[in-house]
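S.K.: With chain U held as given, fit chain D onto it using these hints.
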Amino acid sequence: MKNIYTNILLKGSIALLVIFGTSCQKLDESPKGLSTPDNFYTTPAQCEAAFAASMNNLYDTWSGYENVYGAFPDGQYTNVDLAYGANYNADFWQIHYRAINDINAVLKAVIKRKSLGSNDPEVINNIIAQAKFLRSFNYFTLVRLWGKVPFITENTPDPISTPLTPSSRLEIATLYDSLQTDMTFAIAHLEDYDASRPARPNVWLAKTLLAKMYITRATNPLNEKDYYAKARDLADDIILHGPFQLLPKFDDVFKSSNKNNLEIIWAFQTTDDDPNIDGIAMAPSEWGGWSGGAVKPRWAEEYPDQPRKRSSILMDFPSDITTDPMGPIINYKNSIDGTPYIQKYLWPMISLDEQLNISRQYAFIYRFPDVLLIYAEAANMAGTGPTQLAVDRINMIIDRANTDGTTGLMTGSEPKATMAMSQAEFDSKVIRERDLELCFENDRIFDVFRKRLLQEVTVDEEGVANPDYNENCYFFPIPVADAIDIGQNTGY
Amino acid sequence: MKKDLFLGVFLKKKYLQKTLLIMKLMTVFLILATLQSFATGYGQSSIIKLNNETQTLLNVIDAIENQSDYKIFYKTDQVDVTRVVNLDVNEATVASVLDKALEGTDLSYVVMDKLIVFAPSKTINQTVTVTGTITAATTNEPLIGVNISLAGTNKGVISDINGKYAIDVLDNNSILVFSFVGYATVKIPVAGKTVLNVSLVPNIQNLDEVVVVGYGTQRKSDVTGSVSSVKGIDLVRLPSIRSDEALQGHAAGVVVTNNDGAPGGVATIRIRGGNSITGGNNALVVIDGFQGGDLSSLNPNEVESIEVLKDASATAIYGSKGANGVILVTTKSGKIGAPIVDYSYSYGVQSIVKKIDLLNGPEYARMQNIWKATQNLYGDPVLPFTDAQIAALDKTGGTDWQDQLFRKATLQMHQISIKGGTDAVRYFIAGGYFDQQGLIVNTQFKRYTLRSNLDINVNKWLKAALYMNVIKDKGNIPPSGEGVRYVDILSQAVNSVLRFDPCTPVYDALGNYSKPPTAYGDRDVWNPMATAMGSFNELSTTTSNLNSFLEFRILEGLTLKITGAAGIYNSDKRLYYNSLTKNGRPVNGIGNITDDKSLYYQNSNILTYNKIINTKHHITLTGVAEQQSSVNYGSDIQAQGFSSDITGVYDIGGASQTNYRTSYDSRRIINSFLGRANYSFADKYLITVSYRADGSSVFGENNKWGYFPSASLAWRASEEEFVKNLNLFSDLKFRGSWGKTGNQAIAPYGSLAKIGSGLNYPYNGTSTTDTGYGIISAANVNLKWETTAQTDLGMDLAFFNGRVTATVDVYKKKTSDLLLNKPVPFYTGAPSAQILANVGSVENKGLEITLGADPVVGAFRWSTSINISMNRSKVLKLLNSLPMGLKTSTGGGYQIYNAASNSLMYLEEGQPMGQMRGYIVEGTWAESERAEALAFGQLPGDQKYLDVNKDGKITEAGDVTLIGNSSPKYVFGWNNTMSFKNFTLSILIQGCEGNDIFNATRIQIENPSKGTSTALNDRWTVNNQNTDIPAFTDQITRRDALLGIASKISLGKSPNRLSRYVEDGSYARLKNITLGYNLPLSLVSKIGLTNLRAFVTATNILTLTKYTGYDPEVSSFNVGTDAVRGIDLSNYPTVRTITLGINLTF
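Protein sequences, first through last, are from chains U and D. So the first sequence is numbered by the working numbering: it starts at 1 and just counts up by one. So the second sequence is numbered by the working numbering: it starts at 10001 and just counts up by one.
For reference, chain U alone in the conformation it holds in the complex (with noise of 0.2 Å):
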């Protein structure tokens, strides 16, 4: 009797080991023809082809600052509308988000699955330092664009299957705060610059963010006056330290065939199979161009007669430059489009194959007279007026701007700044020198919000003010896909 029963629960045992026993196989996906985030960032040339990557999607062939010229209200460009649509520039925004998450997961694979395990912890400690301060760079340029803004990093859970919420928009000072922590690792344990590869991250490119960091904290909107002399010293710093300089000649920073010298700290690269965009695009109707990138004629009008505005802004053309470069001269008055363009991306500046194909001249991220002003408008409001090194500083931009590159005389009619100034004038001449000697080059726009020019800046050809314009168009409005979770900015 007991064995009928213990033969069947034997039986019946073996036959379910056989069927439930046999039948489970990992359920978990391990793809061999495609990497993940979990189990790529296992050499330091992994890591940094995510920044590579990280950098593609702020650069690349028609997309993010390689189309960007016009995109900002900051009073350099025609387009001035201040009645920013619902998803106004959201593809800035979006692109900065998409190099952050190529960003955080190396820093969670580095940091957390300690994936360059066996390495020189220097070597580990670099690639951390590279990617926080790529990191901050992106947050920067968000911050001072949107305010305060979701502050997504390594440590947060995955945004996709945990929606963030308005609570997660870190106040802006906490952000600052954040990325200098960042950035005091990255100046840590960056290497030195390295001419044979000058736009990797280096110390004195951190340090040159770090600047740029200090002196927005000391203005609006948080007005932070004590990081003023953060600001100068690190400036001083780099000026005295760092391996920049002023080139003599104006020119030859822009020169295609000359990328990369020693006043560009950072610019987006280009190389013959990673080009910018067409010439073309950028150039003036009678170039055969699409006439992006137009001038706004009356701050081209107002920029004072000197050298450097001929080396930047391009009033006056030949009318045919594809069969005589040389040719009949026309003002821009007097062409189709009846604006200005900017020459620092056209032909002479670049060859003009280049202008007629495909360009290869890069996007300026920092030059180096942004710290010479950093330094003097550093200085001068950190204590109660300019100092002779800050007058100094500003006034060999000045000069170089006022010098002919062919002749070398003195041409030019902008005024140097003296001693005589006042704290608040020189204050001023500073910012009005940035907005001359760093036009187009993307920085306008943050000059403009910090020291709070809108208004002025947007008039119209006229002098009329712009109807548009209240003090909430100091943010942008955050995109529509993503105020849902995270909520919107005043005024939208």
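Treat the hints as calculated values from the structure; they're not laboratory data. You may find that some hints are simply not true.
Claimed, not checked - If you only want the chain U side, here are some residues facing chain D, beta carbon under 7 Å, derived:
hint	residue
1	S161
2	A195
3	R197
4	I336
5	D485
What the hints assert, rightly or not - Only pairs whose alpha carbons sit at most 30 Å apart, straight line, appear in this in silico DSBU-like list of lysine-lysine:
hint	chain 1	residue 1	chain 2	residue 2
6	D	K10822	D	K10724
7	D	K10704	U	K32
8	D	K10164	D	K10100
9	D	K10193	D	K10155
10	U	K32	D	K10561
11	D	K10561	U	K26
12	D	K10822	U	K32
13	U	K114	D	K10754
14	D	K10155	D	K10335
15	U	K26	D	K10754
Glycine is no exception: its CB is placed at the ideal position from the N, C-alpha and C atoms.
M.R.: Positioned in the frame of chain U, the structure of chain D alone reads:
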């Protein structure tokens, strides 16, 4: 008193009397026993010691069993073990003990090895041989291969070629069972007769018929779900070796569409409409338990039956793969008996069903001259053709490109099969060879198939089987239609054949392929013959499926079936466009080498328990553990710039440039556990519940397991007395079911974040671009299957003893968690700011009716069956309430799609699938409407658009509206079989009603400046104002008439989305007629055959339709979602086939 029986299962003695199995065993032993010859076994001389000389028979049995190795069996109703026996001795041999113990009873015994069986002497002694002849009641012809079995045993024989049989029976109470496919099974008691001649009647509907259901079989009468069955014999009528095509028109709710007339093309099969937008809607095909089979490569000759599972009660057992319905295929297996060889050969000729009406050479020349004359804005134009040239063309008629490209193509097919078997092994071996020329020159397809099905009865408790199937395809079928990589439709012969200039000869004066004319006509297209002869897509695929199982009978009613299956698919493609083709010419030839391999493994462990309690309660329990894994890997290289067209892509090293190289490797794992319980009470009340859990690797981390329940009820009212008393129904069953199924249409790794290459950037600032690896897709840990919940109500009816049958089903399906690309916030960093997610839902409701009847029986016999399916789909929810445009991108200037915002095909919440959007064209402006036309900046003779929003303008924003829908209102199939004497005739009519087709072909061929269509003859003139074809208005006339009047027509980037091209796609088609003649047996047997049949079959004979294109059944965008079907553009036309063949058996 323990009996060690089989499999070591111990059974109590009293258990014996109830155990059917033991009875069977005993009977077998008895039959095997030729009595005394066995009774001289060695062991009978063993000495048995007995305690008493007088004792009960039971004591004697115990004594023998305890003291020897013998076991003794008997039936308690035959042997009285309490009977006292007097043995006289204390010690004796087994034989003498037994002899004495049974003395004076009617019992004898048999000894077999260690077994002793008691039985009444007469049973043992009286085997009788019964003989007879079996004939068909309808024809009186002998029936060959009828299975004659002895009821209650597994003894059986098969009738020979003369219908004769001989079988040994035990006694007068034996019952013989005569069964034969297609005939009603007959049970006849022997009752003392030695000759039994039987006439079998074809069965109308056999309720005892067993149908295959998921992971098991069921009596048809017990099925509670909605299942359509198709017999293999119905599939072999078409001269095809594709079972998908053959299934068309045979089952309600199953819509088979032959989208592609190319040899080796595929048909789409939809069961109760399409549920998914992006996830694919192909039904799961299960061949002998092997999941993921392919009907298009399954030879119908190997098919015994096909069951189509439609409602959730039937399909939920397949869980996350069952949402699109399940097609269960049972292949043929061997039958006990001598080998039977079947051979058939057929030869057919295919021709184009219909040519499109085009202008011939001289007509086209004149049309071009007329058109050119209207281009007079800058002075009088030079006409392309002089009178002399036209006169010359009049003589030759120009080139009919359709005649050049399309040919009378042959097809031939050989099929052979051998089947047979013994008690131990049954086999079915089949081979097929199929060779089809394509309708288009230089296209061809060959297929070789081989199947070997072996069933082995290892012993009483173990069965084994091994099924193997190998399919080898070879052919050359260059892509046609849309969606094929760089081969835009202008590079397809089938597109240019309608558009190419008929005035140009095939070859120029030098013997080269002529180039398109430059002075007139369509300059986009290329010489169709150069294209056809210079395009190669040589494919070579091998599919091998292995399927094996072991089935253990563990206990009475309890079986364990362990199956192992493997599928191996290998595909090599060599695609080449030589330097004389449109796309090969500028780059000196362009081609691909593509290798693709798939492996699939499946192991299902099926535990089934069957129990009948008190004859009324019937319980079947099924438990399954299953694991599946599949791997797909391959590579693709494209290169161009070949120095020689002869070596072409075969020597890829000779290419000057590699365009791309890719390789891939993806895997999918599914673990499943499932259970099903069937319960029936008195065959009247039937309940089925099932539950399946599927764990799939492709689901997101949080949703690795999906759960799929179902339940169904059925009531066989015909078993109730009050219904029986009506004497009306031979069957009446009501069914109701509900359940959930899923669609796993997620590519592997779809839920993972992936890193991709190619996001390069000069990170270091040198002149080298650094490689960039970035995140190219975002993870969705919640990604899961699409879920379809389905409710079905059905009714099965049979009247007049089954001569009239009807099945009616209504169903409602709601598919939720549809896979769509869902926008996510930008801050997530997700590329394209979207992830694949489960959003959206779709509903399908429908009605299916199948009617069958045998209106005429007797010498002339007619059976008929008609099925009608109606399905209504409705999109319930999408990402948002806006219409969602679907991609129907085309090359070649057709301009029906530019972006999702201006697409022809779209989905919209609350609307059915297959919506077409565009401008409504209300013909042309009449002369009497000049003023109205002028208001739009148009003239009489211009196309007249409907100003939907009545704003006086025709704009994309205001006037794009619904212009058609591609979903049919109903589809139908009508099968007829007639037989008279030796003739059989079968006729299949099928069709659909109420669907629209967007005939995009007409966009180009009715284009005034270059069109080749004869429709241009019907263009608007003052004397022909009632037409859709606009006038050829000359430029000066237009300018003068419209001076100062601006055009109000602005059609945007997809201006050809016009209702003018929307046509009624309804059709009724005489799909197939087959006439067969069986030569008289008397004649055939003289040459050693048992059957010889000759047949002629014709397909696509006649189509009634208003549709003007090649065929209403084609659809260009058959690769994408179902929602974009119904566009006709550059399809490989369908063919009409006439086939002759013979079929012989020996």
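S.K.: Please flag the earlier hints that this structure goes against, numbers listed from lowest up.
M.R.: 2, 4, 6, 8 and 10
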